[in-house]
Amino acid sequence: MKNSSTKEKVTWAVISVLVLLYALFPVASILATSFKQPSDLTTGKFLPTEWSTVNYEQILVGDAQGLFLSSLRNSIGIALIATFIAVVLATLCAYAIARLDFPGKKMILTTALAVSIFPVISIVTPLFNLWRTIGLYDTWPGLIIPYLSLTLPISIWTLAAFFRQIPWELEQAAQVDGATTWQAFRKAIVPLAAPGVFTTAIIAFFIAWNDFVYGISLTSTEAARPVPAALAFFTGASQFEEPTGAISAAAIIVTIPIVLLVLLFQRQIVSGLTQGAVKG
Amino acid sequence: MASITLNNLVKQYGDGFPAVNDVSIDIADGEFLILVGPSGCGKSTLLRMIVGLEDITSGDLLIDGKRVNEKAPRDRNLAMVFQNYALYPHLTVFENIAFPLRLAKGRHSEAEVQRLVTEAAKTLELTDHLQRKPGNLSGGQRQRVAMGRAIVRQADAFLFDEPLSNLDAKLRGQMRSEISQMQRRLGVTSVYVTHDQTEAMTLGDRVAVLKKGELQQIASPRELYEQPVNLFVAGFIGSPSMNFLPATLEGNKLKTPVGDIEVSEEKVRVAEGKRVVLVGIRPEYFEDASMVDDSKRQQGSTFTAELTHTEWLGNEQYGYIKFDPDPEVRDLLDNLAREMDADELRPQIVVTLDAASRIRGGRPAELWLDTRKIHLFDPGTGENLTRDAAAGAALTEEANAARAEEIADARERDAATKQQAS
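So the sequence lines, in the order shown, correspond to chains A and B. Position 229 of the first sequence, counted from 1, bears residue number 229 in this note's numbering, the numbering being contiguous throughout. Position 26 of the second sequence, counted from 1, bears residue number 26 in this note's numbering, the numbering being contiguous throughout.
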């Protein structure tokens with residue numbers, strides 16, 4: 001690459017700063033709001049006049065504790081289980097798609113694509129009725145199953161692309177060297193596919209973690225309600241008070257694990273995404 | 001160590017296309033067999049059938065007399081070196097070589113694994129690289145790691161699938177001799193697939209030439225070169241390849257586009273009654289007539305031709321003569337070229353001349369041809385009319401004897417060095 005001139009550097013810096021501002025301003029605003037006292041909310045100032053942790057206290061140890069902590073538990077549990085099932089199923093499915101020639105292979109990929117672009121809102125109502133009839137309404141499985149419909153297709157597509165770029169000869173070499181099909185898969189293919197599986201898992205986790213429509217429609221109590229839905233049920237200290245501060249604090253808390261995940265694994269995510277995309 | 005027997009092996013794909021058609025080969029214990037042929041001739045498929053990565057449609061595959069058709073690759077105890085090495089990128093060189101040992105759980109103690117891998121690494125000069133990942137190695141080193149994985153586990157036979165085709169020319173020559181020496185030293189049965197005839201000729205005890213899934217001839221390199229069974233083998237083996245000239249018989253002379261060639265009675269007999277025969281002449285059967293001794297001159301025939309140009313290579317030179325065949329023969333030659341994976345065969349004759357020859361292009365030159373060695377082919381069937389089967393068999397017999405001697409020598413030397421070490 002040629003060395004860029006000072007002018008180019010400055011231009012790029014300005015553009016980066018603008019994009020960063022645009023992307024991060026809402027986050028900063030929520031962060032600032034989460035530290036405001038209820039009386040401070042309508043002053044119109046960006047920063048709180050007095051920093052206070054009253055909102056965090058409210059959701060972690062105060063009135064809203066029951067609502068928030070149970071929903072946090074639900075979110076983590078449901079998202080993790082949905083991710084785990086999706087990744088395991090998608091790994092096996094994608095491996096078959098990449099390696100075997102069977103009738104209906106194209107169909108599976110097309111169906112997966114169709115499912116992933118299907119508007120969620122259009123199946124929520126039928127699902128609501130169905131779930132109530134068969135007793136899945138307001139339960140963990142009642143959310144995990146629809147989440148699989150969101151996470152599976154993208155997992156299958158990313159992983160299939162990933163498996164395709166692993167040379168088949170590695171597996172054959174392992175088989176000749178004395179491995180069973182399963183050993184060849186586990187010892188030669190899985191370690192190589194690990195970055196891809198990892199990326200897929202993180203993407204699937206985000207999708208399940210961020211969902212709102214299913215979360216609010218298919219739950220009614222703390223038994224299964226996830227965080228994004230629970231936020232809508234926050235109330236202020238009195239009925240005349242907006243719960244904005246508490247919602248902001250909760251939003252910050254649920255963002256933290258995601259930010260940590262991305263920061264910790266950014267290298268794997270980037271390499272996973274680009275490998276699948278470029279060579280797949 | 002084991003013998004491998006292929007009995008009428010057939011591989012048919014879903015569309016009925018036979019990639020390997022009725023191939024029968026007996027590979028003796030300790031033999032180095034080469035499978036050679038143009039691309040698409042089924043040589044790799046055949047190798048993969050032996051190792052078990054490809055199903056066998058019909059026929060029997062025996063290892064040491066036991067039928068293994070239905071056995072999984074892991075139960076055949078064969079080792080294979082792949083074209084692109086198939087090293088595990090996430091494992092170090094040590095772990096790559098140890099991979100087969102680790103798979104055989106419980107059979108090797110950690111100390112034994114350590115010892116076997118170090119030993120293999122020493123043989124292959126990889127000791128310094130054991131802790132590196134394959135990604136950081138050069139092509140030749142990767143190739144050696146792949147071989148290490150094969151030799152570490154005392155397999156019954158080694159199978160090579162074009163192992164040198166990813167290396168540059170210089171390294172290829174070096175690795176070729178390393179493979180050859182290693183095979184002799186270990187005395188292990190080896191099957192080696194290649195499309196490079198230099199590799200085929202230099203490495204093999206016997207070479208099997210395949211065309212479109214069918215075995216054409218299996219013999220020692222020398223027999224293939226001197227007594228080819230048909231047009232295809234004659235044209236495929238040798239570089240520059242054999243010249244084919246259409247000829248008609250008149251008396252005891254063959255009339256060819258470059259002139260009349262006087263031939264022996266024997267050759268006249270086989271050519272009699274045929275409208276056209278193809279004369280197969282290797283480039284080195286020609287010589288500048290002025291460079292040939294009088295005593296030798298009697299054994300051949302002299303003619304005059306005009307060379308288009310010559311190429312001087314230092315130790316010898318190539319001359320080119322153009323000729324114009326009739327369309328029928330031309331089609332035949334084009335077909336042959338296609339089968340051999342070459343581009344259209346240009347209607348020209350390549351002659352090898354002594355490096356000191358003063359013959360230059362564009363002027364008529366007097367050339368001498370050793371007529372004893374030429375072969376006549378039937379243009380219809382491609383069959384070699386002048387093949388001396390007995391002479392050919394003798395050549396292969398000779399090669400077999402030489403091989404047995406070499407292996408015995410190598411083992412003796414091995415035993416001697418071991419004794420010295422202990």
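Check before you lean on any hint, since a few could be wrong.
What the hints assert, rightly or not - If you want a taste of the chain B side facing chain A, the calculated C-beta under 8 Å gives, among others:
1) LEU53
2) LYS71
3) PRO73
4) LEU78
5) MET80
6) ASN84
7) ALA86
8) TYR88
9) PHE99
10) PRO100
11) ALA104
Read the hints as simulated data drawn from the structure, not as lab findings. Positions of the beta carbon are idealized from the N, C-alpha and C atoms, including for glycine.
Now the hints, each set against the structure:
no., hint, verdict
1, LEU53, "holds (5 Å)"
2, LYS71, "violated (12 Å)"
3, PRO73, "holds (5 Å)"
4, LEU78, "holds (7 Å)"
5, MET80, "holds (5 Å)"
6, ASN84, "holds (6 Å)"
7, ALA86, "holds (4 Å)"
8, TYR88, "holds (6 Å)"
9, PHE99, "holds (6 Å)"
10, PRO100, "holds (4 Å)"
11, ALA104, "holds (6 Å)"
Hint compliance for this structure: hint 2 alone is broken.
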